[in-house]
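Asker: Work out the full structure, taking the sequences as your base and the hints as a guide.
Protein chains in written order, with the working numbering: chain A, 1 to 102; chain B, 1 to 102; chain C, 1 to 102; chain D, 1 to 102.
To be clear, the hints were calculated from the coordinates, so they are not data collected in a lab. Hints are not guaranteed to be accurate.
Calculated cross-link-like contacts (lysine to any residue; reagent style SDA-like; alpha-carbon spacing at most 20 Å) [said to hold, decoys possible]: (1) C:12 - D:80; (2) C:81 - C:47; (3) A:92 - D:25; (4) B:96 - C:17; (5) A:12 - C:14; (6) B:81 - A:58; (7) B:96 - C:23; (8) C:98 - B:27; (9) A:54 - B:52; (10) B:98 - C:16; (11) C:13 - D:79; (12) C:13 - B:82; (13) D:17 - A:94; (14) A:12 - C:71; (15) C:80 - C:90; (16) A:92 - D:20; (17) C:12 - A:16; (18) A:96 - D:28; (19) C:80 - C:44; (20) B:54 - A:48; (21) B:81 - C:16; (22) A:92 - D:31.
4 protein chains.
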Amino acid sequence: MILEVSISPLNKKSLSKYVAEVIRIFEEAGLNYELNPMGTVIEGEWDQIMPVIKRAHERLFELGVTRVSTLIKIDDRRDKKVRKSDKVESVKRILKEKYLDK
Amino acid sequence: MILEVSISPLNKKSLSKYVAEVIRIFEEAGLNYELNPMGTVIEGEWDQIMPVIKRAHERLFELGVTRVSTLIKIDDRRDKKVRKSDKVESVKRILKEKYLDK
Amino acid sequence: MILEVSISPLNKKSLSKYVAEVIRIFEEAGLNYELNPMGTVIEGEWDQIMPVIKRAHERLFELGVTRVSTLIKIDDRRDKKVRKSDKVESVKRILKEKYLDK
Amino acid sequence: MILEVSISPLNKKSLSKYVAEVIRIFEEAGLNYELNPMGTVIEGEWDQIMPVIKRAHERLFELGVTRVSTLIKIDDRRDKKVRKSDKVESVKRILKEKYLDK
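Answerer: Spelled out as structure tokens, the structure:
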């Protein structure tokens, strides 16, 4: 499955320090991830990803945050294997074909 | 923590049959939940809620759905214990006080 | 269409004061809304709802907030008219029928 | 402000055709956007972005979709000007400094 997650402290103005810590945890866990300006897209299985998200979510409390807001959006397709790179490429291919048609 | 979850089949037009199945799973698991028109709000701990959400998410595939979209939004506050009923009541109390002031 | 919105200040710990202000704006605008512990569900048309959400989002900055996080989730169905109350009732009806079957 | 949007047909299995159409509309409107596997991140002002999202959302109905699910997540910071590229770079800089420290 492919999911996007954002884990944010609610009582801090600057988030990048916390996001960096979250990314460090994803990195150490060996997740296949990709950071974008609004969240992190991860590809893998539920049992491989969710415990790592839990650890990252908990880590913010250890750093002194008192309220954490975490948003997880899962796209799980079982009729065919889709990788996160496929999704973007497939859209780009359609756009390209359309422009060539004109 | 308090979270809201919605688990939707992507290739079906009518969702209520699937939402009913998800709710049945939440009910059987003994979760403290509350259904609204856009999702289900649940109160409890990560390890108590997440395995149930996983089971409900998997159930849709068993029912023949090939693509499932699940959105989980977590609000976790540790400086004081907040229940899901408190959040709505606290807003209503402020609104009431304001109107009395006028 | 039916949507759920949450408008939160990012650098404040207690949110209820701000949520109350948002609800006051929805109320004054005459929106058909329903507050739950994680957001507000609204029924209506895009051009009727979106300017009010913008006003509420802007209001938080006027109250001294410097960073606002707003999440809007829209469910728009055009093949039949669905009201927000229908969605919950339709799920409850299915659950009831299933239990009667047993 | 920076936002992420995903606009999906609910009764179709393959989404890329529809995502391509949405991207074409963003492109024609001259938005500053960036596609990722789970959504599109856009930088700009509310009145510049929201009418384009509405147009893209409506376009799916014109293409025969009967139910559309749109998720918009806004991060609006007013104490300093932040660009979408800054957010990722700022996290990467912190990660780099941490590793150099060791």
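Asker: Hint by hint, note whether the structure agrees.
Answerer: Against the structure, the hints:
1. C:12 - D:80: Holds, at about 17 Å.
2. C:81 - C:47: holds, 18 Å
3. A:92 - D:25: Measuring from Cα to Cα gives roughly 14 Å; hence the hint holds.
4. B:96 - C:17: holds, 12 Å
5. A:12 - C:14: holds, 12 Å
6. B:81 - A:58: Within the cut-off at roughly 16 Å; holds.
7. B:96 - C:23: holds, 12 Å
8. C:98 - B:27: With Cα atoms ~13 Å apart, residue 98 of chain C and residue 27 of chain B stay inside 20 Å; holds.
9. A:54 - B:52: Judged against 20 Å, a Cα distance of about 15 Å means the pair holds.
10. B:98 - C:16: Between residue 98 of chain B and residue 16 of chain C the Cα gap is close to 13 Å, so the pair holds against 20 Å.
11. C:13 - D:79: holds, 18 Å
12. C:13 - B:82: Holds. Residue 13 of chain C to residue 82 of chain B sits at ~13 Å (cutoff 20 Å).
13. D:17 - A:94: holds, 7 Å
14. A:12 - C:71: Holds - the C-alpha atoms of residue 71 of chain C and residue 12 of chain A are around 18 Å apart, at most 20 Å.
15. C:80 - C:90: holds, 14 Å
16. A:92 - D:20: holds, 7 Å
17. C:12 - A:16: Holds: residue 12 of chain C and residue 16 of chain A sit about 17 Å apart, inside 20 Å.
18. A:96 - D:28: holds, 14 Å
19. C:80 - C:44: Roughly 14 Å between the alpha carbons, so the hint for residue 80 of chain C and residue 44 of chain C holds.
20. B:54 - A:48: Satisfied, since the Cα-Cα distance of roughly 13 Å is no more than 20 Å.
21. B:81 - C:16: This hinted pair holds, its Cα atoms lying about 15 Å apart.
22. A:92 - D:31: holds, 17 Å
The earlier numbered hints are all upheld by this structure, with none contradicted.
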